[in-house]
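Read left to right, the sequence shown gives residues 1 to 233 (the working numbering).
Calculated from the structure, these hints are not laboratory results.
A portion of the hints provided could be inaccurate.
Unchecked claim - The following label-pair restraints were derived from C-beta to C-beta distances:
#	residue 1	residue 2	range
1	Glu27	Ser213	20 to 30 Å
2	Asp10	Leu79	36 to 46 Å
3	Pro147	Leu79	16 to 26 Å
4	Thr53	Thr154	20 to 30 Å
5	Ala193	Gly126	19 to 29 Å
6	Thr115	Lys152	18 to 28 Å
7	Glu27	Arg127	17 to 27 Å
The model shown is predicted, which means the values in this text are computed figures rather than measured ones.
Where a beta carbon is used, it is the ideal one built from N, C-alpha and C, also for glycine.
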Amino acid sequence: MIEALPSWADGPIVALDLETTDVDPREDQVVTAAVVTITPDRAGGRPRVDTRTWLADPGVEIPADATAIHGVTTEVARLEGRPAAEVIHEVAAVLAEVWTPTTPLCAFNAAFDLTMLDAELRRHRGRRLPLSGPVIDPLCIDRQLDPRREGKRTLAAACDHYQVRLEGAHTSSGDAIAAARLAWRLARVYPDAVGRVAPHVLHTHQARWYRDSEFAYADKLERRAAGSAARGD
Numbered sequence: 001m002i003e004a005l006p007s008w009a010d011g012p013i014v015a016l017d018l019e020t021t022d023v024d025p026r027e028d029q030v031v032t033a034a035v036v037t038i039t040p041d042r043a044g045g046r047p048r049v050d051t052r053t054w055l056a057d058p059g060v061e062i063p064a065d066a067t068a069i070h071g072v073t074t075e076v077a078r079l080e081g082r083p084a085a086e087v088i089h090e091v092a093a094v095l096a097e098v099w100t101p102t103t104p105l106c107a108f109n110a111a112f113d114l115t116m117l118d119a120e121l122r123r124h125r126g127r128r129l130p131l132s133g134p135v136i137d138p139l140c141i142d143r144q145l146d147p148r149r150e151g152k153r154t155l156a157a158a159c160d161h162y163q164v165r166l167e168g169a170h171t172s173s174g175d176a177i178a179a180a181r182l183a184w185r186l187a188r189v190y191p192d193a194v195g196r197v198a199p200h201v202l203h204t205h206q207a208r209w210y211r212d213s214e215f216a217y218a219d220k221l222e223r224r225a226a227g228s229a230a231r232g233d
């Protein structure tokens, strides 16, 4: 049963999404970015949604596989995109304004987006990305609280499972808004583990869950490799 109850999900939230040249967050580059601030209407009306989006010229070729996902070609990025250093600086500046100890940042697979943004800031600006407040990662929460569910754990799959609307998939703004909607839904589906938990405490829980899942995955790979070696594969 989904409960409606007072929680961080009743307040503002900032959503972040990056579309990139590839999947290595420390070596690849940002192509598009969105920062979406969503503020609920206390009177019960539609929330206020403030969206900032960017298109960057990453300065490298955008692989065809990446273009097939987000739709941005090298030619479009070069013609219409702004210099990557400017884009990264602005994204970080906007986050510094809206992401606070009382306004959590939501990102699906937050470790990827925040690692990527931090690497880009160090590359172009020589500084790190400050963690201005708590982070809510629907992917991390979903994996921890529904570990036995089969199938993909993509944003689209999670939205389908939790009956959350996803519009403009693989656009930065569309994915950011969907991630925020998913976070709100998880807060109500799991009130004791998510909705009633203070954002900074939930942040700490997710950090532990993420580390545990990474260790478990590494152990799984080691056991698989040992099995292959024993069979002479």
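Quick rundown of the hints versus the structure:
About 23 Å separates the C-beta atoms of Glu27 and Ser213, a value consistent with the hinted range of 20 to 30 Å. Distance hint check: the CB atoms of Asp10 and Leu79 are about 43 Å apart, consistent with the given range 36 to 46 Å. Separation of Pro147 from Leu79 is about 45 Å and departs from the stated range, judged on CB atoms against 16 to 26 Å. Between Thr53 and Thr154 the CB atoms are about 21 Å apart, so this pair conforms to the stated range of 20 to 30 Å.
A C-beta distance of roughly 39 Å is found between Ala193 and Gly126, which places it outside the suggested range of 19 to 29 Å. Between Thr115 and Lys152, the C-beta spacing of about 22 Å keeps the proposed range 18 to 28 Å intact. Separation of Glu27 from Arg127 is about 18 Å and conforms to the stated range, judged on CB atoms against 17 to 27 Å.
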